[in-house]
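S.K.: Below are the chains, spelled out letter by letter.
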Amino acid sequence: MRFLLPLGLFTVIVGFLWVGLSLNPSEVPSPFIGKPAPDFTLQQLHDPQKTFSNKDMLGKVWMFNVWASWCVACRQEHPLLVQLSRAQLFPVVGLNYKDERENALHWLREDGDPYVLSVVDKKGNIGIDYGVYGVPESFVIDKLGVIRHKVIGPLGPAELQDCVIPLVRELEKATAESPISDEVKKACA
Amino acid sequence: MRLMSSLSAVFAAVLLLQVPLLAAKEAVPMAKDPVLEKIVNEIADELRCLVCQNQTIADSDADLAVDLKSQVRDMVREGKTQDEIIDYMVQRYGDFIRYRPPMKASTYLLWVGPFLLLFVGLTVLILNLRKRRLLTGEQDAALSPEESDRLTQLLKTEKEKNKS
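Just so you know, the protein sequences line up as chains U and G, in that order. At position 18 of the first sequence (counting the first as 1) the number is 0 in our numbering, and the numbers step up by one without a gap. Just remember that our numbering sits 3 ahead of the position in the second sequence, which is counted from 1.
Read the hints as simulated data drawn from the structure, not as lab findings. Just so we're clear, the structure is a prediction, and the values are computed from it rather than from any experiment. Beta carbons: idealized from backbone N, C-alpha and C, even for Gly. You may find that some hints are simply not true.
Under the rule of at most 20 Å between Cα atoms (straight-line distance), these lysine to any residue pairs were calculated in the SDA-like manner [to be verified]:
1) U:Lys80 with U:Ala55
2) U:Lys80 with G:Gln74
3) U:Lys104 with G:Asp77
4) U:Lys105 with G:Val79
5) U:Lys104 with G:Val69
6) U:Lys80 with G:Asp66
Only part of the chain G face toward chain U is listed, based on derived beta-carbon distances under 7 Å [to be verified]:
7) Leu53
8) Leu67
9) Asp70
10) Gln74
11) Arg95
12) Tyr96
13) Gly97
Whole structure, please, built from the sequences with the hints as guidance.
M.R.: This is the structure we're talking about:
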């Protein structure tokens, strides 16, 4: 009986610590999921004469990937993006974030260009609009221009296989803003 | 009494911990317009830096914090109010960007928790003190007639021993 109280307290503390350790404090839940992607019209990286707007992608399911040549974690995910673009599952548009044009173009020449096109966000204003706080970040945007998923940090093969690709498949089939199946939701959680 | 002094030691330690936070605010670079910069810093003090999460963007020199600060500066120049600017940031980064979390169902425990712990602690303290008083009270109780008789007798024999 004397040990019951300390033991109970101990169990509660262990419980809290257990849950606490499994959380990732640097992951900030995005308030954008289920909301329309913020509008932008930006210069294209390869051809500064041309512009691109997120509205140009209405009717398609696509991924918006924030990257920069100075970003180390971007190098980590880059080969996977190149593979993905070869498979041509869905278009990936790049947002070249606070980068030098020369460096950005050099990197794409050297390591491959997985993007249908990249747009230039020299000052990071569009980054702020999209709530970007760590590069790379990727947004899955549906046919209506609504953000359905956000990947913070480098996209890994597991997350791509289990979450992003099935999610895009479902969104492509969907006619209206239909709910995502529980399976995909679970994989993306 | 010993408990009270250790409690005040804890409070003192907590107060000491606050000092570096207050001192850190001075490291903010001032721009040309001190009035504008004061307003900007007041707002920046309410916003959390998302890269270095235990700092406000007023304290932080991270790239993103500098960008967000200049965004705040632009918005203040445009005549936006503090609430409007904080709303703008919350829309983009979520409640997480607020250095003082809002009162919501999910944050009640956060706000009330410390007071709850204080209450529990005080209750335990009071209960313990009361128990102790009861225990010592029993020991201090007046001697029974037999006991005082025995006491005088013992003292007497002691005195006689000393004399001899």
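S.K.: Now tell me if each hint is right for this structure.
M.R.: Comparing the hints with the structure gives:
no.	hint	result
1	U:Lys80 with U:Ala55	holds, 15 Å
2	U:Lys80 with G:Gln74	holds, 15 Å
3	U:Lys104 with G:Asp77	holds, 17 Å
4	U:Lys105 with G:Val79	holds, 19 Å
5	U:Lys104 with G:Val69	holds, 15 Å
6	U:Lys80 with G:Asp66	holds, 10 Å
7	Leu53	holds, 4 Å
8	Leu67	holds, 6 Å
9	Asp70	holds, 5 Å
10	Gln74	holds, 6 Å
11	Arg95	holds, 4 Å
12	Tyr96	holds, 5 Å
13	Gly97	holds, 4 Å
Consistency note: the structure conflicts with none of the earlier hints.
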